[in-house]
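Counting in our numbering, the sequence shown runs from 2 upward without gaps.
Treat the hints with caution; some may be incorrect.
[Unchecked claim] 25 Å max Cα-Cα, derived BS3-like pairs, lysine-lysine: (1) K109 x K15; (2) K79 x K16; (3) K16 x K106; (4) K79 x K109; (5) K96 x K58; (6) K109 x K58; (7) K60 x K109; (8) K16 x K109; (9) K79 x K60; (10) K106 x K58.
Treat the hints as calculated values from the structure; they're not laboratory data.
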Amino acid sequence: MQANRLQRVNSEIKKALASILAEDIRDPRLSTMISIVDVNTTNDLSHCTILVSIYDKDKNVVNESFRTLLRSAGFIRKLLSQRVDLRITPELHFKLDEGFENSEKMNKLIESLNIPKEEESAE
2 MQANRLQRVN SEIKKALASI LAEDIRDPRL STMISIVDVN TTNDLSHCTI
52 LVSIYDKDKN VVNESFRTLL RSAGFIRKLL SQRVDLRITP ELHFKLDEGF
102 ENSEKMNKLI ESLNIPKEEE SAE
């Protein structure tokens with residue numbers, strides 16, 4: 002499949018999934034903020050890997066929300082088939098993006114390294 006078409010398909014799937022998560026999923030366990038980071042569909046459109054970020058301070062809430070999202074994959078796929086006009090609706094594979102969490106850890110590390118230098122310059 003041409004790269005441009007695959008990019009358009011990925012973009013349409015990403016928009017549709019964001020809409021589905023915001024408007025159609027009524028599960029209270031998914032009340033935390035969920036963001037679609039990236040969508041990668043295989044060339045034959047049979048599989049789609051969705052990278053999601055779940056924003057919450059409590060790691061248990063993040064894990065429970067992700068498990069709920071995994072269990073809802075079939076329902077989400079059904080809704081996706083209604084919104085995106087594809088001959089084959091890909092099988093959805095959700096993956097948790099920990100980039101946000103890792104960047105927070107790095108920022109805290111950098112801040113902790115900068116604190117002693119600021120104290121020394123104040124003296």
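Straight-line alpha-carbon gap K109 to K15, limit 25 Å
The given pair, whose Cα atoms are some 31 Å apart, is violated under the 25 Å limit.
Please work out if K79 and K16 have their alpha carbons no farther apart than 25 Å.
The hint holds at about 15 Å.
Regarding the pair K106 and K58, is the alpha-carbon distance no greater than 25 Å?
holds (13 Å)
Straight-line alpha-carbon gap K60 to K109, limit 25 Å:
holds (17 Å)
Quick one, are K16 and K109 close enough, alpha carbons at most 25 Å?
This hinted pair is violated, its Cα atoms lying about 32 Å apart.
Sort out whether K109 lies within 25 Å of K79, counting only the CA atoms.
violated (41 Å)
Hinted pair K16 and K106, Cα distance within 25 Å
violated (29 Å)
Check whether the Cα positions of K109 and K58 lie no farther apart than 25 Å.
holds (15 Å)
Could you grab the alpha-carbon distance between K96 and K58 and see if it respects the 25 Å cut-off?
holds (19 Å)
Has the given pair, K79 with K60, been kept, meaning a C-alpha gap of at most 25 Å?
violated (29 Å)
Hints 1, 3, 4, 8, 9, counting from the list given before, are not met by this structure.
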